[in-house]
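In case you want the letters, here they are:
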Amino acid sequence: MADDTQGIRIEGLRKRYGSGDTAVDALKGVDMAVAPGEVVGLVGPSGSGKSTLLKCLGAVIEPTGGRMILGDHPIYDDGWRIRDLRALRRDKIGFVFQAPYLIPFLDVTDNVALLPMLAGRPNGESRERARELLAALDVEHRARAMPSQLSGGEQQRVAIARALVNRPPVILADEPTAPLDSERALGVIRILNRMARQYRTAVIVVTHDEKIIPTFRRIYHIRDGRTHEEAGEGRALD
Amino acid sequence: MISLAGRDILHAWGKFVFTGVGLGLLIGVTLSMAGIYRGMVDDAEVLLDNSGADLWAVQKDTLGPYAEPSTLADDLYRGILTLPGVARAANVTYLTMQVRPVAPNQAASNQTSDPAGDEAARERRAMIVGVVPGGFGEPGQPPFLVAGRHLTRGHYEAVADVTTGFRLGEQVRIRRNLYTIVGLTRRAVSSGGDPMVYIPLKDAQEAQFLKDNDAIIAQRRRTAANPVFNRPGQPEVLDAVLAAQTQSSSVNAILVRLEPGADADEVAADIRRWKHLTVYTRAEMNEILQAKLIATSARQIFMFLVILSVVSAAIVAFIIYTLTLGKIREIAVLKLIGTRNRTIAGMILQQAVGLGVIGFVVGKTVATLWAPIFPKYVLLLPGDAARGFLVVVIICVLASLVAIRAALRVDPAEAIGG
Ligand SMILES: Nc1ncnc2c1ncn2[C@@H]1O[C@H](COP(=O)(O)OP(=O)(O)OP(=O)(O)O)[C@@H](O)[C@H]1O
Ligand SMILES: [Mg+2]
Numbered sequence: 236m237a238d239d240t241q242g243i244r245i246e247g248l249r250k251r252y253g254s255g256d257t258a259v260d261a262l263k264g265v266d267m268a269v270a271p272g273e274v275v276g277l278v279g280p281s282g283s284g285k286s287t288l289l290k291c292l293g294a295v296i297e298p299t300g301g302r303m304i305l306g307d308h309p310i311y312d313d314g315w316r317i318r319d320l321r322a323l324r325r326d327k328i329g330f331v332f333q334a335p336y337l338i339p340f341l342d343v344t345d346n347v348a349l350l351p352m353l354a355g356r357p358n359g360e361s362r363e364r365a366r367e368l369l370a371a372l373d374v375e376h377r378a379r380a381m382p383s384q385l386s387g388g389e390q391q392r393v394a395i396a397r398a399l400v401n402r403p404p405v406i407l408a409d410e411p412t413a414p415l416d417s418e419r420a421l422g423v424i425r426i427l428n429r430m431a432r433q434y435r436t437a438v439i440v441v442t443h444d445e446k447i448i449p450t451f452r453r454i455y456h457i458r459d460g461r462t463h464e465e466a467g468e469g470r471a472l473d
Numbered sequence: 007m008i009s010l011a012g013r014d015i016l017h018a019w020g021k022f023v024f025t026g027v028g029l030g031l032l033i034g035v036t037l038s039m040a041g042i043y044r045g046m047v048d049d050a051e052v053l054l055d056n057s058g059a060d061l062w063a064v065q066k067d068t069l070g071p072y073a074e075p076s077t078l079a080d081d082l083y084r085g086i087l088t089l090p091g092v093a094r095a096a097n098v099t100y101l102t103m104q105v106r107p108v109a110p111n112q113a114a115s116n117q118t119s120d121p122a123g124d125e126a127a128r129e130r131r132a133m134i135v136g137v138v139p140g141g142f143g144e145p146g147q148p149p150f151l152v153a154g155r156h157l158t159r160g161h162y163e164a165v166a167d168v169t170t171g172f173r174l175g176e177q178v179r180i181r182r183n184l185y186t187i188v189g190l191t192r193r194a195v196s197s198g199g200d201p202m203v204y205i206p207l208k209d210a211q212e213a214q215f216l217k218d219n220d221a222i223i224a225q226r227r228r229t230a231a232n233p234v235f236n237r238p239g240q241p242e243v244l245d246a247v248l249a250a251q252t253q254s255s256s257v258n259a260i261l262v263r264l265e266p267g268a269d270a271d272e273v274a275a276d277i278r279r280w281k282h283l284t285v286y287t288r289a290e291m292n293e294i295l296q297a298k299l300i301a302t303s304a305r306q307i308f309m310f311l312v313i314l315s316v317v318s319a320a321i322v323a324f325i326i327y328t329l330t331l332g333k334i335r336e337i338a339v340l341k342l343i344g345t346r347n348r349t350i351a352g353m354i355l356q357q358a359v360g361l362g363v364i365g366f367v368v369g370k371t372v373a374t375l376w377a378p379i380f381p382k383y384v385l386l387l388p389g390d391a392a393r394g395f396l397v398v399v400i401i402c403v404l405a406s407l408v409a410i411r412a413a414l415r416v417d418p419a420e421a422i423g424g
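Respectively, the protein sequence lines represent chains A and B.
Using my numbering, the letters of the first sequence map in sequence onto residues 236 to 473.
Using my numbering, the letters of the second sequence map in sequence onto residues 7 to 424.
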């Protein structure tokens with residue numbers, strides 16, 4: 236993944252919702268850079284633009300201006316964008332949500348193996364890869380269970396496995412620890428750090444969670460549509 | 007590849023099976039309606055087949071014995087027999103009426119007493135066919151027997167279709183007379199689906215044109231009072247006139263069988279020209295039955311088919327739409343992680359078609375199971391089933407479009423939330 240060694244970078248990213256009198260400038264020029272293997276925090280008060288930024292990074296909504304570069308591929312460049320955002324999401328970005336949002340009618344293995352299977356990979360190979368990830372995340376023993384039979388922490392780990400299955404250079408996590416107690420919340424962060432190192436993934440974690448904020452080495456504060464960077468405590472996890 | 011639709015159906019199989027069974031009953035009713043129509047058409051065909059006739063000679067300017075009253079003299083058939091190309095010609099009468107089995111003790115007294123419950127329950131509406139006894143093989147006769155023998159005596163014998171429920175040796179009452187069932191036949195039905203009961207022609211004529219006793223007495227008195235008929239010293243004149251008045255010499259149709267190679271239209275034209283009768287060929291008779299007798303029922307059934315199709319479509323659309331709305335979150339996630347729209351649309355489409363297939367299998371099964379219970383003939387044709395299946399699939403595809411539209415409008419950003 237030589238082309239992804241630079242991780243993800245955004246420069247002067249702007250997003251305006253609506254137009255005219257009712258226009259809202261949710262992002263007013265955001266700069267951010269996350270290296271492969273790094274886990275950064277993104278914090279800010281309500282309405283500051285966290286979700287908006289995450290959606291832009293996740294190629295779900297298009298920014299109004301600014302640049303975003305993944306590895307050395309430009310994704311957005313002042314109004315220009317690559318054509319297939321859907322394929323970009325599928326191949327380059329992993330998503331972890333506050334709720335795990337697993338597909339209820341697929342078992343754990345197939346939830347993880349779904350993306351490669353839909354992309355036309357042989358089922359056996361896809362499931363093999365899923366099982367590797369489940370093993371790395373310590374939920375291998377639940378591989379045949381349905382999502383509704385898992386605990387919240389197990390579901391979140393399965394969701395992380397799903398986000399990792401295509402070996403994306405970027406993982407975006409939106410409040411991934413909100414429903415978990417501090418023990419499990421730290422467990423999830425530990426896993427994200429380990430996976431980031433192991434798979435050279437850039438991880439951005441949006442959070443309010445006081446329990447996990449001290450674990451980041453770098454934190455982006457967002458306020459009123461602008462970010463500024465801060466060094467975190469980088470508390471040891473292991 | 008992985009079938010999302012299949013996995014969802016397996017996961018929520020209860021919902022699918024219940025909905026499928028409900029839809030299936032509806033489809034079963036639809037197939038039965040089509041079967042009832044086919045049964046009517048087939049009954050008409052069988053009626054014509056069983057008559058064994060190539061031509062029907064009927065009262066001038068009438069539509070013939072099945073569609074309109076038709077009366078003609080019972081000696082006309084002799085003249086028709088002499089025409090070239092005619093192999094056989096036979097008188098026949100048709101009359102639809104109630105036929106009731108009679109308990110043996112009642113039969114002995116030959117009295118119309120209060121009907122015992124059992125006999126009343128087994129009373130049947132039947133088409134009474136008057137045929138010449140001993141004429142097996144003549145047009146109009148029962149085509150084959152499943153039990154017993156053909157009519158041989160001139161009076162008081164009957165051959166009944168098995169669906170009447172009458173038994174061999176049993177006595178049945180038709181108007182004032184009792185008849186013994188001597189034979190049973192099968193698939194002898196009128197165009198209205200009533201089973202046939204064959205009786206000797208003379209009895210049938212009497213049953214059809216019989217006046218009640220008071221009317222006969224009154225007529226006798228009138229005739230006797232007329233000095234032209236009641237001449238002193240010539241009592242045999244009055245007797246002859248009275249006999250002529252009470253005896254019936256009318257029939258409803260003459261069934262004609264052609265010689266091999268004879269041209270039906272030519273012979274029909276001959277009969278029209280020489281006998282002043284209206285004559286129908288097999289094709290024309292079929293047309294009369296289809297167009298005049300069955301057409302209204304067919305339109306009625308077609309209306310039902312349309313309504314049932316619309317109701318089925320609405321049910322499938324509603325169920326698939328509801329199932330899809332229940333999966334909006336999952337669909338948003340699928341889209342966010344990069345699933346193609348095509349995959350999502352395919353999932354919904356497959357589920358709709360899956361529901362249709364379950365429904366069709368259930369429908370075909372129940373239609374087959376309950377067909378024999380229907381009082382009239384239900385004919386389930388494989389071709390109708392195939393067409394029905396096609397319509398079900400098309401309906402399901404159309405019904406899934408609403409749900410697909412809803413699913414494609416789901417914004418992947420919804421998965422991230424605010
Ligand atoms: N679809 C939209 N249309 C118009 N304005 C929007 C839209 N989405 C967000 N906004 C506005 O953009 C600003 C940033 O919203 P955003 O959802 O990014 O905040 P947030 O940091 O995620 O807040 P919270 O922590 O409450 O989730 C807010 O003022 C919000 O009202
Ligand atoms: Mg938010």
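Source of the hints: derived by calculation from the structure; they are not laboratory data.
Accuracy of the hints is not assured; some may be wrong.
[Claimed, not checked] FRET-style restraints, in silico, Cβ to Cβ:
(1) A:Asp307 x B:Arg348: 28 to 34 angstroms
(2) B:Val363 x A:Arg429: 44 to 50 angstroms
(3) B:Gly352 x A:Gly314: 42 to 48 angstroms
(4) B:Thr349 x A:Arg379: 33 to 39 angstroms
(5) B:Val316 x A:Asp307: 55 to 61 angstroms
(6) B:Val363 x A:Glu418: 23 to 29 angstroms
(7) A:Glu375 x B:Pro388: 48 to 54 angstroms
(8) A:Gly282 x B:Leu314: 53 to 59 angstroms
(9) B:Gly352 x A:Ser383: 20 to 26 angstroms
(10) A:Glu297 x B:Leu314: 46 to 52 angstroms
(11) B:Gly352 x A:Glu297: 24 to 30 angstroms
(12) B:Val363 x A:Gly314: 36 to 42 angstroms
(13) B:Leu331 x A:Ala466: 27 to 33 angstroms
(14) B:Val316 x A:Arg251: 44 to 50 angstroms
We treat Cβ as the ideally placed atom computed from N, Cα and C, and that holds for glycine.
Which hint numbers doesn't this structure obey?
As far as the earlier hints go, 3, 4, 6, 12, 13 are violated by this structure, in ascending order.
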